[in-house]
Every structure is written in structure tokens, then in C-alpha cells.
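Colleague: Chains as they are written, first to last, in this note's numbering: chain A, 1 to 616; chain B, 1 to 616.
Don't read these hints as lab results, they were simulated from the structure. Glycine included, C-beta positions come from ideal geometry on N, C-alpha and C. Any given hint might turn out to be false.
[Claimed, not checked] Pairs of lysine-lysine, BS3-like flavour, derived with a Cα cap of 27 Å: (1) A:Lys247 - B:Lys323; (2) A:Lys316 - B:Lys73; (3) B:Lys273 - B:Lys181; (4) A:Lys181 - B:Lys577; (5) A:Lys124 - B:Lys415.
[What the hints assert, rightly or not] Interface residues of chain B toward chain A, partial, derived using beta-carbon atoms under 10 Å: (6) Thr131; (7) Ser151; (8) Ile155.
There are 2 protein chains.
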Amino acid sequence: METYKIKFEPLGLSGRCRADESLLACAHSAGIGIISLCGGKGNCQSCRIQLVEGTASPPTASELKAYSRQEIKEGWRLACQTYPTSDGKVGLPPTSLTTTQRVQTEGKEVGVAPEPVVLAYQVKLATPSLTDAQADADRLLQALNRQHRLSCDSIDIGALSQLSPQLRSWGWQLRASVREKEVIAFGPWPSRQLGLAVDLGTSKISGYLVDLDSGRTLAVKGVSNPQISYGEDIISRIAYATQSAAKATQLQRLVVRALNKLAGDLCAEAKAKVGDIVDAVLVGNTAMHHLLAGLPVKQLALAPFVPAISQAIDIKASRLGLKFAPGAYLHLLPNIAAFVGADHTAVLLATLNGANRETTLAIDIGTNTEVSLIDKDKITTTSCASGPAFEGWHIKDGMRAASGAIERLRIVDNKVEYQTIDNAPAIGICGSGILDAMAQLYLAGVLGEGGQMNEKHRRVRRGDKYLEFVLVGEKERKDVHRAIVITQQDVREIQLAKAAIRTGIQALLEANAYEEEKIKKVIIAGAFGTYIDVASAIAIGMLPALPLERFQQVGNAAGTGARLALISRTKRAAAQKIVSGINYIELASVPGFNKTFMQASYLGRFRLKEGKRKGI
Amino acid sequence: METYKIKFEPLGLSGRCRADESLLACAHSAGIGIISLCGGKGNCQSCRIQLVEGTASPPTASELKAYSRQEIKEGWRLACQTYPTSDGKVGLPPTSLTTTQRVQTEGKEVGVAPEPVVLAYQVKLATPSLTDAQADADRLLQALNRQHRLSCDSIDIGALSQLSPQLRSWGWQLRASVREKEVIAFGPWPSRQLGLAVDLGTSKISGYLVDLDSGRTLAVKGVSNPQISYGEDIISRIAYATQSAAKATQLQRLVVRALNKLAGDLCAEAKAKVGDIVDAVLVGNTAMHHLLAGLPVKQLALAPFVPAISQAIDIKASRLGLKFAPGAYLHLLPNIAAFVGADHTAVLLATLNGANRETTLAIDIGTNTEVSLIDKDKITTTSCASGPAFEGWHIKDGMRAASGAIERLRIVDNKVEYQTIDNAPAIGICGSGILDAMAQLYLAGVLGEGGQMNEKHRRVRRGDKYLEFVLVGEKERKDVHRAIVITQQDVREIQLAKAAIRTGIQALLEANAYEEEKIKKVIIAGAFGTYIDVASAIAIGMLPALPLERFQQVGNAAGTGARLALISRTKRAAAQKIVSGINYIELASVPGFNKTFMQASYLGRFRLKEGKRKGI
């Protein structure tokens, strides 16, 4: 039978597709995780793709239902309904990809001209003799300044400590890496200069190794934050660090070790040396930032919630025990408030990259959720304690986004269709799945507006303590004989989480006296936000009910912002300017907070000014 | 009987003197170590003093012989011949003091206006609230800059790590210590700022604790350099460090630990805290400098003898493990060459302090001897390997300047009169004693011009291997029954040492085409140089035969220079300028070096151009 070569972008993977095989089947054979909730029946519309090049079978009725005429013209298809008739190229939107593969697409370039803070210069020196016994460093600085018209006046002591033998082994020619007026590292000539961008999250650390001269990302890797053993969320981490200086130092060292390991792994992947990392930018929430920098965190958690520092800081990486180039600095982007850290600054930097000046809501959902409303140069920011429910904590069968977690779900005719990470047998449910479950249960009438569960529904039963909706029955899980359920208590947890987020959004709208319709773009950043079905989030009233095309799920925007600041000194300066202009709103001090929060906890569209609803 | 109160300066000690008691006896009763070789007979002229206030018995014949009429008028006396007739004040020249007490006089003020690099500012802050939750550091920097019209832009991360709790315990008011645009330390307001000046010698470390705001020296202390266990001189220390990076680090850590201990001891004496040391200046020879800074030393000892760095460097003290104020810097003055270090720069800085512009020879005698010839703005410098003989090494009965060492000596009528350190029973002979012995033996005809010992002298005998001159006979040392001698081999060692020094001096004169008479002042710096009898050094031809009043024995001028650079930013800049202008001469490459050296090894006045002398 005829086979065709299909290229899948942006993954850059190819597969061979038989004429009697759908693009979905072809993708799965090629190891590409396209979501398919209905199992290829054309019902769930989760396998959306775009046929960019090549020809295929004509659109089916399911596809004509799923897409507008314009979209059909642009090549939008459902992968399970499409049979290729030639070689072709397929575009995969991130929302159609399963977790594992969506992460792979995050490494894409940030698209600014490289303008690094550390610059590389070639220097050639005269060989010393008995009549010209000038010191090595003095000789180097003179030659560097003369050959490149610079005014460098110092050499990092760590770099200097290796210079004398290096000069002699490199034949009196080398690469000097210069930061402002300081020489911070040396390498043979020619050799490349690397940069490391890090998003230090409470639970996850993402690292990006970048070629500073080209701006290209060479490797991307995510690892767990090892501090998690000493407190799952920010507040418990702060409590631990506050117990003693030794414990704070312990948390600091754990992260430093993890960062050294991460840098080593990234360099190994890129066939580079950590000693060539001459610059680094790190972002994180204020507590992570402070713990890494060795700053006190006690005052973060006590009213009036004051950071030790907001403005950007540069620390010699060696001073923290980071093993990069000897004189490399770690640049920490500015924090915004005690609970809005440099990671949100980075999100804003990434969001404002380019000529984007529509009224934009930028939201980074996590245990703590940061929200900013951007209107031209005016930025209003708040933070809300959304809690760890979306990370699976305090949810009966909740789990992190790992293999076997239900990440997408829908209820059709009382049957639950779901997709798990890695297509592994279901073992629990992660944040995006929980969100889908809430929306589906609400839309199916299993949950009322107030969140109360309809005990008459055939999949609802009474569990140990609460009513529970059975997602996966005992019989379906032959190995463990335990059902996967959503309990009434789980629903309450999610209501609290989504109410906190919605209250934050409302506070920003009210501070600017805007209706939600005024928001032209919603940027959803962060791991969790990338994987959610926006329609579900709208259905339960967590996000404003705006047209879906206004939403962008941008993945790790904090990491992107960190890379921008790493590659470009202009972007680094822009970050400081963004923060200086922010109007920060402390949610607890907003008038009417409690009323808004109460209303926001209802499922369905947010309506602040209506009368009493049915009890929550 | 009548008693008088006598004050001894610069020690600031007082004693009561009976009318029948000489000032020498009075000083000894008061615990003041005035040298007296002849035991108070008026013969040795070693107990020279100046009666500054008060009256006394008329000058004796011995005194009229010892002093000119003018000197008698100025109150110059021999302490052993002078009986007070009223209360009075006595000036003690350093040369009349024994070792132990001479050191005490070194702490005197350096006499420049304080102009420290680190400045203290009082800052008062508004208390934060829920509506003013600005970060602590940002709040501080804004207030500091506004209240004092500064443009500080960063806070040392170590200082920052303590700021938040400090602000809260000090009531939102503090002292900010500012260096250039960086805040490096905080203290309660008011509180003083301290500085530490260090002369890091191969065998001894001298520390000076200074009040930075007044410029006053609060405490002075000398300790041994603990690296001495890993090599007594520079070359063996370099050899050890070159064996492995771990060994170099070991040497570095030893000194860092000693410096921390020294700083702690000085602060304890001054009732201060090491955390208030906000600035430090360190000088040392190039090898000590490099080992402390973690710089490679291998290339120092290999032709063409190149330092890793000459120019001044500022290193965060914390980076070396020095426990001063969190953000304090250690300033290392510039080196001159591989064997002329920042300690000699400091000597030059101290020498050139004030309006001193006569043609001056500055000489710092040690295992390595540095010599500079200064003529207005022109400085010519060299270094000579004088070896450790003057420190007692390779001398049969040689020892360091410690209790019981013969430090002054003369030979009268075949009898040896000597003075020991602390007046303890003689156990050996230290550098200044050896130098006296050489001169006295030469003048008494026991040694010929070539250094050969006259075996017919009644105190000369044949020892195990060599002829030896008996300084202290077995019978005089009842406890050990061992004589203290100067051997023919000892004489050879000293000849080599003094020849090296004299060759260096000659090389500088020749480079400038000067006769020695052109030298108007000779500054003799360093521990050994302070204690020698200049007349002895002239007698054996080690120093030029110039009038004695042209010589100044200035003690630890390197320490004084370090303090100057610590107290005054102008002096710090001057040090760099001095070094930039120096014409350094590598002795080994000077034409005629061997011939000069040979001639310089003869005892007696140096005569280069004469014919053959008697064999050495």
C-alpha cells in the first residue's frame, strides 16, 4: 500500500502514514502524543491539527461541525478524521499535545536580537621576557583595552587565579569575557560563551542553556525542587527556614546543588562545559528568590508582607556556590511584592515582548496565583492564595501531572471519557483533569451552581465521608480494585481555588473600573495553565467568559522572560522599568473582598451584582 | 630620700627615681628595656636618651665624649650617667630600646587626615505598613540616597541578608557603610567603623586595627605566619604550593585562619567587633600576596619571573573566608615585581609620605631584600636574595629575635659585652647581634678583609669543622655547658648576605650614575633593620659609609604604608601611581653583576674599582 511521509511541527518529528491510516494513528505510531478523548470517533474535537502542506481526504461531518468555513480553508482538521493522499506537513497546536510532548515545544527561541551583558573579545599578547616581565593580568588588561578600545579595570579573582597557566597553555591568545569593566572569564580563542536561564519554582526548576552570542537555546530541562521535602508550599517552606539559620542555609544549599546538577546536565546535553557559563538569570517567587540568595523570609509571611529586596540584584555565582565560569554573575530579576516574585516579572517581560499593547490579562496559576492587568504602560498586579488543589493536593485522588494522571476528561451520556499522561493506565487525576471534571460535572448538572453534588446521579454514590462521583470504577482498575472519584470535598477545594483566582481578576478590573469585555487578550502562563482546557475554566467561572481566541496558553513564560533578560541587556533594563511602574494591590485590603470572593466561589458565569444564589 | 617622677616617651610609662639612682636604673625598675652593653659604666653609649623636661646632674666625661656640644644642649644624655634633680620627661630613641619595647612604639599614628574609602551615613526610615509595603532594601536605598544625595545602587548580599531583622530591631534607623555606590555593611546608629591594615610577611604577620573615622590606631599585634611549617622562605613556600592545588589552598587557608584570629584578638583588645571591620588593606611580598589571593605562584620562581598581577586588587573579604563586615573588601596594594611585593610599595608610600623629596635610599632587609633609590619622582628598584642568615638560619648559634637572643654586642679588650632580649640568659644570637659580631670582629682584627678568621686570637679556637670565635664560653653557661660561637662558616654566610644587599644598592647607584654621597637619606625598614646598629652595618660595608644622621630606622614601614592606604583614598591612589612610575632592575641581568658581588663580599668599605684584594 502507498505510504506518505508526514512531518509534525513544531516537534520536528516525521512518520510514515499508510493511505488507510488516519493522521492520529500515524502520529501515535511515530510516538507523538496527540490527545484523543473519544478514541478516534470524531466526537471530542481534542485532536485538532492543521494540515499545512499536502493533501488529504475531504472533511467529514464531524470536522464541518468542529470548524468554521474559514478554518477548514486554512487546513484545520481533526487528526482522527483525516487520511493523507500525499506527503505533507502537519502543525500541532500545544493544546492538542499531551503533557510530555507539550513540554518539548517550550524550548523554542525567544526571538530577540542577542545583546548579552557579557561580551567576548579576542586578545593577543606579547610573550614576556627578562626585559619585559610585566605581570600577566596587567599585560592582559592593557592589550584588551588597547585592542578593543575598552576601559576594563579589574579581573575577577577566580578568573585571575587560572590566568597565568592558561596564558601559557593557550599560546598567549585567548577569549576574554567582559562584563561592564570587569573581565569575568577566559577561554581559548575561539570558544563560545554560554548563559543559563532558570525558573526556580516552588515545586519545579526549569533550566535553559543558551548560546549567548547567537541567542539560541541549546538545551532545556526541568527537575524537581529538592526543597519540597521540607515543605510543599511557600508558607511551609518559609516556616521551616525561619526556625533557624542552619535550616535556611540547608534549603539554600539544596537548591544550589540542584542548580549545579541542572547546569551540568544541560551542558552535557549541549556538549559544553559549565565553566563556559558566563552569565545567568534566575526568576522565582519572592520566597524562592530570597531563600536562594540567603535573604531572610520571616517578614514575607507577616503583615505588612515586606520583601527584603525588590530591585534586581547581581550576585557573584561563586558566592552562592554555583559552579559556573569563575567570575560569572547570577542576575535575579526584580520582585514585585512579597507574594509576587521575579517569576511574574519575567512573565510580564515575555508578555510585553514585541509590540503587544492590547489590554491584556496575564495570569500565572499555581499554589499562589499572580495576575496582572496590562493596559498600555499601566500595569496593575495582585496575587491570590489559590492553594495547591490544582497540583493535586487535598484532592482525594489528586496527583501531580505525571504518567497515568487523567489530564483531560469529558462526560458523554453518563460515560466518562478521559486521556491520561503517557496513555498509561489511570492512577489518579491531575490539575487539568480536575478542572475538566468540575466543568463537565457542572455542565452535566451533576453539580449545582453552589457546587452541591446531585446524589441522584447514577455515578454519584456516598463514600466514606462525602458524596463522590465515580470517574473510573473499581471494575475498570483490575489491578488495584480502587475507584478514582471526585468527592464533594474535592469540589469545595476547587471552588476555593478558583474563587481566589477570580477574585484577583475582579480586583484588577475594579481597580481600573473595567468590564471584563475590555480584556482583549488573556495570557495564561505556567505549567498548569498550559495544560488546562480554557473552555472548562470559563465554564466554572474561573476565567472571564471571553471568546476563546483571546486566550493564549504560553507555557513557561517565566522561563521565556528569564531567557529574554539573559540574552538582552535591553530586556533586563525593561524588567526593572516594568516593576517600577506596577501598581500592586494587596487583595486582603481591597474593599468588598469577602463579597467578591463569595460570589466567585459559585460555578458558572461570574455575576457580582445579582441577588442571592442557592447556598454554597 | 627625695624621689622624682620621670615620664618615658613615646612609651607613655612613668617611674619614680631616687636622687641617687641613674635614669637607667630608674627605667629598668619601671620595666623599660633600655639597652646597656657595658653594664652602666658609661662606655658603650648604647643607653642614649634625651632629657626633654626637667633637670639632672651635669654631663660626665663619658657623655661629653659621646655627644657634640649641640647635642648636649638639646638634652642628649647617657641614661647610666644621668641623675635627675627634678621631675622630668625622657625621650627614648628606638635604637636605645630593646626589641620587645621597640615594637610597642610602632603603633604610633601615621599622621594623615582620615579620608576612608568606606563612609558611614545615618539613615532614618519610615516604618512599612499594608499600604506601604516597599521592600526593605529598596526603602533603605531610596532614603540613603535622598537623605545624603548619594547614588548608591546596590547592597552587598551578605549585608542584605541581615538587613530585614536589623531594621526591625534597631527601630528603622541605622548606620550604612558605603563604598563607592555599594552599601557594604550596616550597624546601629551611632556606631564606629573599623579598618584593618596587615603586613603579611613570610615569617611574621603584623595587624593594625584602626578607627576609620578618626584614623586612630586602636590596637597593634604581631603573630607568626603559620605557613612557616611548610617552608621557611619564599622559594620553599612556592615549591610547596606548586605541588598541587590542594597544597596551595592549604597555605591560603592557614593564613586566612591566622588573619581571622588576628582580627579577633585586635578587636578584643579594642573592645570592638570584627563585624565592624568594614575595610582592610593588606601588603606582603608577591608570593604571600598571591598565595593569599589564591593566585598561581609557579611563574614567580621561573625566569622571566612574572607576577600573576601587579596592579592593586579589591577582593570581597568574604570570598577569601575572612570574617569581617559582610560586604567588606580586602584591598591588596600593587606589587612591583615577582620578588618586590606590595610590602615594598607600602614602604615607599610611607617613605614618600609628606614633603620628603631628598634623594633617598629605602631598604627593607629580609630573606629577600628590596631596595629603592628615590630621586624626586624617579624611583629605581631592585631586589636581592640576601637569604635567611640575618634571621638566624644557617648560623651555628643563630636564632630568631626572641627572649635570650644576643641582640647587641661589642668586643672590648678581648672581652665580649652583650645585651640579650628581655635580659634573659643568652641562648643564641639573632640578626642584629650577628651583624654587631661581624663588625666588632672585623674592627678588632679577628676577621680580615676577606673574612678569614685569625686563628691566633685568644678567643678563636678550632671547632668541629671550622674555626670559631667564642662569644659566650661554656663556663658562663652553667646550665647547658655549651658555648655560643661565631664560626668561619657563619662569617661566610653573612658575607654572602651583606654582599647581596650591597650589590643591590650599587646596581641602583650605577643605573642612575650616582655616587653614594648623593644619597641624603637612608630609610631602613622592617623588623631586622629596626634593630641593627647602623654603624656595624657600615663597618662591614653592607650599607654605604654615610654620616649616621642620614639613616632612619623606621620600623615596620610596610605596616605604616598599609595604614596610610587604609585611612586615605588619596594614599591608596598614590600607591598605584608610585608603582606605575618605578624602573625595576632585575639584578641578574645587570652587566658586571658578578664582579660587583665579589667586591661587595669583602668586609670594610666598598671599593669597586680597586685592584685585587686578599682572597675571600
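Colleague: All hints, please: hold or fail.
Modeller: Checked hints:
Pair hint Lys247 of chain A plus Lys323 of chain B holds up; C-alpha atoms about 21 Å apart against a cutoff of 27 Å. Note on Lys316 of chain A and Lys73 of chain B: the hinted pairing is violated, with a Cα-Cα distance of about 65 Å set against a maximum of 27 Å. Our distance criterion of 27 Å between C-alpha atoms is met by Lys273 of chain B and Lys181 of chain B, whose separation comes to about 24 Å. Pair hint Lys181 of chain A plus Lys577 of chain B holds up; C-alpha atoms about 20 Å apart against a cutoff of 27 Å.
Only pairs whose Cα atoms come within 27 Å are accepted, and Lys124 of chain A paired with Lys415 of chain B is rejected, the gap being roughly 67 Å. Satisfaction of the interface hint for Thr131 of chain B is found here, the shortest Cβ-Cβ separation to chain A being roughly 7 Å, below the 10 Å cut-off. The interface hint given for Ser151 of chain B is violated, since its Cβ lies 14 Å from the closest Cβ of chain A, which is over the 10 Å cut-off. A hinted interface residue such as Ile155 of chain B counts as satisfied when its beta carbon comes closer than 10 Å to some beta carbon of chain A; here the least separation is about 7 Å, so the hint holds.
Of the numbered hints stated above, those contradicted by the structure are hints 2, 5, 7, listed in ascending order.
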